[in-house]
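Engineer: Using the sequences and the accompanying hints, generate a full structural model.
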Amino acid sequence: MVVFDRPKALSDVPLHYCPGCTHGIVHRLVAEAIDDLGVVDKTVGIAPVGCSVFAYNYFECDMIEAAHGRAPAVATGVKRTNPDTVVFTYQGDGDLAAIGTAETVHACARGENLTIIFINNCIYGMTGGQMAPTSMPGQVTTTSPYGRDRKIQGSPVHVCEMLSTLDGVAYAERVSVDCPKNILHAKKSIKKAFQNQIDKKGLSIIEVLSTCPSNWGKSPEESLEWLRKEMMPFYPLGVYKDIDSEEESK
Amino acid sequence: MSNKVLMKGNEALAEAAIKSGCIHFFGYPITPQTEVAEYLAKRLPKVGGLCLQAESEIAAINMVMGAAATGTRVMTSSSSPGISLKSEGISYIAGCDLPCVIVNVQRGGPGLGGIQPSQADYNQATKANAHGDMHVIVLAPSSVQEMATLAGEAFDLADIYRMPAMILADGALGQMMEPVDFDARESREIPEKTWVTNGHGGKRKKNIVNSLFMDPAALEASVVERFKRYDEIKEKEVKYEEYMTEDADIVLVAYGITSRICKSAVAAARAAGIKVGLLRPITLWPYPSGALAKLADTVKHFLVVELNMGQMVDDVKLSIECRRPVSFFGRTGGMLPTPDDVVEEIKKIAGGIA
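Chains as they are written, first to last, in our numbering: chain A, 1 to 250; chain B, 1001 to 1354.
Do not take every clue at face value.
As the list claims (entries may be wrong) - List time: in silico DSSO-like cross-link candidates among lysine-lysine, alpha-carbon distance up to 30 Å: (1) B:Lys1239 with A:Lys42; (2) B:Lys1294 with B:Lys1193; (3) B:Lys1206 with A:Lys191; (4) B:Lys1203 with A:Lys191; (5) A:Lys8 with B:Lys1206; (6) A:Lys201 with B:Lys1046; (7) A:Lys42 with B:Lys1205; (8) A:Lys151 with A:Lys187; (9) B:Lys1236 with B:Lys1294; (10) A:Lys201 with B:Lys1206; (11) A:Lys42 with B:Lys1193; (12) B:Lys1234 with A:Lys200; (13) B:Lys1203 with A:Lys42; (14) B:Lys1205 with A:Lys200; (15) B:Lys1206 with A:Lys187; (16) A:Lys201 with B:Lys1203; (17) A:Lys8 with B:Lys1205; (18) A:Lys8 with B:Lys1347; (19) B:Lys1228 with A:Lys42; (20) B:Lys1239 with B:Lys1228; (21) A:Lys200 with B:Lys1193; (22) A:Lys200 with B:Lys1228; (23) A:Lys200 with B:Lys1042; (24) A:Lys191 with B:Lys1205.
Treat the hints as calculated values from the structure; they're not laboratory data.
Structural biologist: Take a look at the structure:
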């Protein structure tokens, strides 16, 4: 008999996310990874500012709510003073790749032994659909109403590509949760990102391509289609850095 | 027998932090406080601790927040422009009720200002650290000994009241060398930290460190609870020194390096037959309003001396409810008054009184 149950690391409370939003799936994958590794009692999660601001209510580990973009710095403070904890940040694209760029880049450069879960949905969700650092060229948002113009609003940030150039990063992979196959793969990647921390390998970041039907103005189904057709070619899935495979190839 | 050693103010503060059990420091270089970080960078690895240079003041204060959330004694230090950058983090730390120690070795401002001693961050430290209804405890040392003693006191107060405590020093105190005795202070009893987020170990419910309240009534309740603690601090933790105030007609009010200049001025004015005293606030928040109000019963005139354009002077007027005239004398931008400059001001006032 197959029992589909709530992971123990996921709190038994209703999530506030909009219908069709993929945050709930990613929360579940993070909780499953924590359960599989049996580390909920020594895990400290850092919630961001953005749609997942209430993540502190959704995980059964100790949680800290950080200021906008500062989660990697807060995580550094936790981990450096308590090296036996398992510390993860859960951040959106505005949090990680705009206001928190310095904190992200330098946590990576220092090789902080942390796990970063990065939700890229190309938009500011909580504030109602403004342009994100990862918004696509041409993408219409409330602050790029004529479509993102590279000449005016600049070009999107490719986070995994950028961070994989830093020596302190052990593992950087871009995954997607648009279909069961990709969800199963994302789970393996997230689990590896936590395992790396337990094995003291350095910083692991998993970028998850996600949907925002409410602010994209699309149905959940159309949103998954847009993710596959528009986002995936621009933000290719794959492993951008993995010190494990680098060691094997040496 | 006391064990006095000769040290720079910044280094005495750093060593006192270690002796208070703070072996984790997060900071960013800025003049004139860099000796704090440099001293800790040498010492902390040898005592099993960590001195981490952050990418910015913003990151440093957020690292402090993470460490503080685990119940770890932790400190950051900076100078005026850097403290402005830390404002955001200070507000979050206050809103999350976390203890930590923040050092501001003040320099002249605004903007990039200068690198010479200043007290121009008085209003920021005591009234406007950051956004929101909040305070931090502010301690103002006036000697190398107090750089050490008040550092220890700051850690204890932060832990007892679950809030940030600030050492408000200046470039002169940071750089000067004097003898210091690290055993001069008894540590206080600290309540158990039940609120920490360091992994629940399956032994307790999860803890959440958070300053977000979507329900306005809940946010109000949390702020009101915090202000009850502030009232308790105002009642129990005010510290000040009175110097030759018993028969004084004129009382100087000054803190930090300025209070030392004023002590010399008091002696010189007394030699000239003018009855002058000094009240030196040691805690700038909470402010010694009660002591000033009492002095106003007998003192004829107050003279506030600061290294700024007149910031604490407002608190003196409020403390004595403007019952006596309050004059101000200050230098700013990194300029220091001489005792003679202060005596000149005293003589002007004394002429008016006589």
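Engineer: Now look at each hint and say whether the structure bears it out.
Structural biologist: Going through the hints against the structure:
1. Distance restraint check for B:Lys1239 and A:Lys42: the Cα-Cα separation of roughly 41 Å exceeds the 30 Å cut-off, and the hinted pair is therefore not satisfied.
2. Among the hinted pairs, B:Lys1294 with B:Lys1193 is inconsistent with the structure: their alpha-carbon atoms are about 38 Å apart, more than 30 Å.
3. For the hint pairing B:Lys1206 with A:Lys191, the CA-to-CA distance comes to about 22 Å; that is within 30 Å, so the pair holds.
4. The straight-line distance between the Cα atoms of B:Lys1203 and A:Lys191 is roughly 25 Å, inside the 30 Å bound, and the hint therefore holds.
5. Proposed proximity of A:Lys8 and B:Lys1206 is supported: the alpha carbons are some 13 Å apart, at most 30 Å.
6. Distance restraint check for A:Lys201 and B:Lys1046: the Cα-Cα separation of roughly 25 Å lies within the 30 Å cut-off, and the hinted pair is therefore satisfied.
7. The suggested pairing of A:Lys42 with B:Lys1205 holds, with an alpha-carbon distance near 12 Å, which does not exceed 30 Å.
8. The straight-line distance between the Cα atoms of A:Lys151 and A:Lys187 is roughly 38 Å, outside the 30 Å bound, and the hint therefore fails.
9. For the suggested pair B:Lys1236 and B:Lys1294, the alpha carbons sit about 17 Å apart, so the restraint of at most 30 Å is met.
10. Note on A:Lys201 and B:Lys1206: the hinted pairing holds, with a Cα-Cα distance of about 27 Å set against a maximum of 30 Å.
11. Proposed proximity of A:Lys42 and B:Lys1193 is supported: the alpha carbons are some 17 Å apart, at most 30 Å.
12. Of the supplied pair hints, the one linking B:Lys1234 and A:Lys200 is violated, its CA atoms being roughly 47 Å apart against a limit of 30 Å.
13. Using a Cα cut-off of 30 Å, the hinted pair B:Lys1203 and A:Lys42 holds, with the two alpha carbons roughly 11 Å apart.
14. For the hint linking B:Lys1205 to A:Lys200, the alpha-carbon distance of about 27 Å falls within 30 Å, and the restraint holds.
15. Between B:Lys1206 and A:Lys187, the direct Cα distance comes to roughly 24 Å. Compliance with the 30 Å bound is thereby established for this hinted pair.
16. Restraint check: the Cα-Cα separation between A:Lys201 and B:Lys1203 comes to about 28 Å, which is no more than 30 Å; the hinted pair holds.
17. Straight-line distance between C-alpha atoms of A:Lys8 and B:Lys1205 comes to about 14 Å, which keeps the hinted pair within the 30 Å bound.
18. Pair hint A:Lys8 plus B:Lys1347 does not hold up; C-alpha atoms about 76 Å apart against a cutoff of 30 Å.
19. With a CA separation close to 34 Å, the supplied pair B:Lys1228 and A:Lys42 exceeds the 30 Å bound.
20. About 19 Å separates the Cα atoms of B:Lys1239 and B:Lys1228, which keeps this hinted pair within 30 Å; it holds.
21. Only pairs whose Cα atoms come within 30 Å are accepted, and A:Lys200 paired with B:Lys1193 is accepted, the gap being roughly 28 Å.
22. This hinted pair does not check out: A:Lys200 and B:Lys1228 have alpha carbons roughly 44 Å apart, beyond 30 Å.
23. This hinted pair checks out: A:Lys200 and B:Lys1042 have alpha carbons roughly 25 Å apart, not beyond 30 Å.
24. Straight-line distance between C-alpha atoms of A:Lys191 and B:Lys1205 comes to about 24 Å, which keeps the hinted pair within the 30 Å bound.
Hint violations for this structure: numbers 1, 2, 8, 12, 18, 19 and 22, all remaining hints satisfied.
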